[in-house]
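Student: The chain contents come next:
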Amino acid sequence: MPYIEVAGKKIEVDEDGFIQDPSLWDEEVAKFLAKGEQVEELTEDHWKVVRYLKDYYEKHGIAPMIRKLCKDTGFSLKQIYELFPTGPAKGACKIAGLPKPTGCV
Amino acid sequence: MSGHGPKPEGFRTIPTWEVAKQPAERPRKPAAPHPATKKTLRELGIVEVPDEHKIQVALERLKEQIKERRSYMLAMESCVKCGLCQENCHTFLGTRDPDDSPVGRADLIRKVWKRYFTVQGRLFGKLVGAEDLTLETLQKWYAYFYHCTECRRCGHVCPFGIDTCEVTMLGRQVLFWLGMIPALHADTDVAILKSGNHMKLTKAGAIDTLEFLSDEIEEERGFRVEFPVDKPDSDIVYVPSSADFMLNPDTLKGAALFFEYIGANWTILSTMTEAGNFGFLSDQYRVQRELYRRLLEGAKQLGAKKIIWGECGHGWRAAKLYMRTMADMNNWWHIPVVHIHDEIATYIATNQLELDPSRIPQPATLHDPCNYARACGHTDNMRIIIKACVSDFREMQPNREKNFCCGGGSGVLFDDPEMYPMRIRFSQKKAEQVRATGVADGAEPGILCAPCSICKAQLYPMVDEHELNVEVKGLLDLVGKALVFRGKERLGGTNNEKNQ
Numbered sequence: 001m002p003y004i005e006v007a008g009k010k011i012e013v014d015e016d017g018f019i020q021d022p023s024l025w026d027e028e029v030a031k032f033l034a035k036g037e038q039v040e041e042l043t044e045d046h047w048k049v050v051r052y053l054k055d056y057y058e059k060h061g062i063a064p065m066i067r068k069l070c071k072d073t074g075f076s077l078k079q080i081y082e083l084f085p086t087g088p089a090k091g092a093c094k095i096a097g098l099p100k101p102t103g104c105v
Numbered sequence: 001m002s003g004h005g006p007k008p009e010g011f012r013t014i015p016t017w018e019v020a021k022q023p024a025e026r027p028r029k030p031a032a033p034h035p036a037t038k039k040t041l042r043e044l045g046i047v048e049v050p051d052e053h054k055i056q057v058a059l060e061r062l063k064e065q066i067k068e069r070r071s072y073m074l075a076m077e078s079c080v081k082c083g084l085c086q087e088n089c090h091t092f093l094g095t096r097d098p099d100d101s102p103v104g105r106a107d108l109i110r111k112v113w114k115r116y117f118t119v120q121g122r123l124f125g126k127l128v129g130a131e132d133l134t135l136e137t138l139q140k141w142y143a144y145f146y147h148c149t150e151c152r153r154c155g156h157v158c159p160f161g162i163d164t165c166e167v168t169m170l171g172r173q174v175l176f177w178l179g180m181i182p183a184l185h186a187d188t189d190v191a192i193l194k195s196g197n198h199m200k201l202t203k204a205g206a207i208d209t210l211e212f213l214s215d216e217i218e219e220e221r222g223f224r225v226e227f228p229v230d231k232p233d234s235d236i237v238y239v240p241s242s243a244d245f246m247l248n249p250d251t252l253k254g255a256a257l258f259f260e261y262i263g264a265n266w267t268i269l270s271t272m273t274e275a276g277n278f279g280f281l282s283d284q285y286r287v288q289r290e291l292y293r294r295l296l297e298g299a300k301q302l303g304a305k306k307i308i309w310g311e312c313g314h315g316w317r318a319a320k321l322y323m324r325t326m327a328d329m330n331n332w333w334h335i336p337v338v339h340i341h342d343e344i345a346t347y348i349a350t351n352q353l354e355l356d357p358s359r360i361p362q363p364a365t366l367h368d369p370c371n372y373a374r375a376c377g378h379t380d381n382m383r384i385i386i387k388a389c390v391s392d393f394r395e396m397q398p399n400r401e402k403n404f405c406c407g408g409g410s411g412v413l414f415d416d417p418e419m420y421p422m423r424i425r426f427s428q429k430k431a432e433q434v435r436a437t438g439v440a441d442g443a444e445p446g447i448l449c450a451p452c453s454i455c456k457a458q459l460y461p462m463v464d465e466h467e468l469n470v471e472v473k474g475l476l477d478l479v480g481k482a483l484v485f486r487g488k489e490r491l492g493g494t495n496n497e498k499n500q
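Protein chains in written order, with this note's numbering: chain Z, 1 to 105; chain X, 1 to 500.
There's no promise every hint is true.
Stretch-level coverage of chain Z by chain X, calculated; a stretch enters the list once three of its residues show a Cβ under 8 angstroms from a Cβ in chain X [to be verified]:
no. : stretch
1   : 26 to 40
2   : 66 to 79
3   : 86 to 100
These aren't lab readings, by the way, just hints derived from the structure by calculation.
It should be emphasised that the depicted structure is a prediction, and the values quoted were computed from it without experimental measurement.
All C-beta atoms, glycine included, are put in the ideal place defined by N, C-alpha and C.
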């Protein structure tokens, strides 16, 4: 299994770069993963989305519906794509340490 | 080669010599999806067969399968390489790789069958087109059987009635037992076993999403529609696609609005929120059966009288054709299982729904999902519904059972760097079809109605890749919008006056 090394920590990821154990996620990990998703620097707007995703996942065990993400964070889908060029499900969720979405997505 | 039975209207046979002449873009190593991790395989209860045993196990499994399902013999023995399937296959049209055609893919198994299980193949080998099974061949199976979208257009046109989709299913099943499964399919299979749906949707997540959708309907329409979950004594269990909870909210809302309109006593089962069935696409035994078991047990506990299926092509095919026998349902319980489109079409045909097509003035076309069209007799009812819901309906050509696949069928929704570009090629034919309808020509986006979760997941990015000015929507999305709730609805703009 591939892994990434962040601040001395060895973290397992799958072939698509999603971390396997969400409990190992922290801000440093997010910054590292962001670079692979065409996000050079995580601004306050990025963090707003990332923290929202992380909180929602901790509460509900799943990522939120994309429309709900937009409504609750106040960003339009277009703005989300501007912030995360690889998209909300695969880009933003990966940075937030969520597992890769499965099924028809 | 021609003259083998009547040719379906609108199809041209490629003569054998032309097939042979076609530019072969046969790549040395075909694009293949990322394989499942060992961890996922463990969760699935699969141990990858070590390389040194793979050939032997594959041959044993292949023999068992062909013995168990004698229909495969037709595919193994009857093909005359007429080439008709090639030019009717969207993957071949998109890639021009002969192995990426129905006949080419089936030959990957056929040559092995010949070599090990026929007298002439054992004696004369390559002279009669027989080939040893090698690890390289297995890798080719893995790549090409996960390029095939199991759309069955080839089966529809084959003059001998060979259903090459079944050959793909045979290949994928043997690969499943070898532990050669794409990450997407294996992860989704694990989600099925753990959560009863493809997305690991939890009850808490489902309820939160449904409350959000109730709020949305209230904001848009001025009245509230609830989405009951696990409600005891429900008459109807509705089976939504789990992708609707993430990507297709208007499809879920459309179903709820329809149930509200007819005053149904309905519910969603939190233990089985999946209209699809990736088991059908990777493991037609344990994983496929798991969703049926969860559904029937859950519906029985609630005392439901009817199961209504949501928008999903392959899942509806699996449920309609195979659930009864796989779950031994007739032996212990009788419950009708119907598709929501069939229900809605019946209500429309008997004048029980008021739908206002002026609410959807954009030009709209319909993509017939393959499994609905070529396996479920679904095409008339989809048209009854869409014509009642939109003002400007335009047929795509070819359509109904002759329609081309979206290019993502059977879970070919891989987004890894090797496979994503293949999906763009596989959807090239679909893009041509949509463009030809003219629905994408206006300044405002037209509507591409694709009432299946896999089609939607494939087409959302593909309409951008092919620069089509359309919005991808489900059929239930349109029903929800067009339904007129007299005396209940807060109406805005022109509709307001019209419906007063």
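Student: Hints first: check each against the structure and report whether it holds.
Tutor: Hints versus structure:
1. Restraint check on the stretch 26 to 40 of chain Z versus chain X: 0 residues with Cβ-Cβ distances below 8 angstroms, three needed, restraint violated.
2. For the stretch 66 to 79 of chain Z, the stated coverage by chain X is satisfied: 4 residues place a CB nearer than 8 angstroms to a CB of that chain, which reaches the threshold of 3.
3. Only residues whose C-beta sits within less than 8 angstroms of a C-beta in chain X count toward coverage, and the stretch 86 to 100 of chain Z has 4 of them, enough to reach three; the restraint holds.
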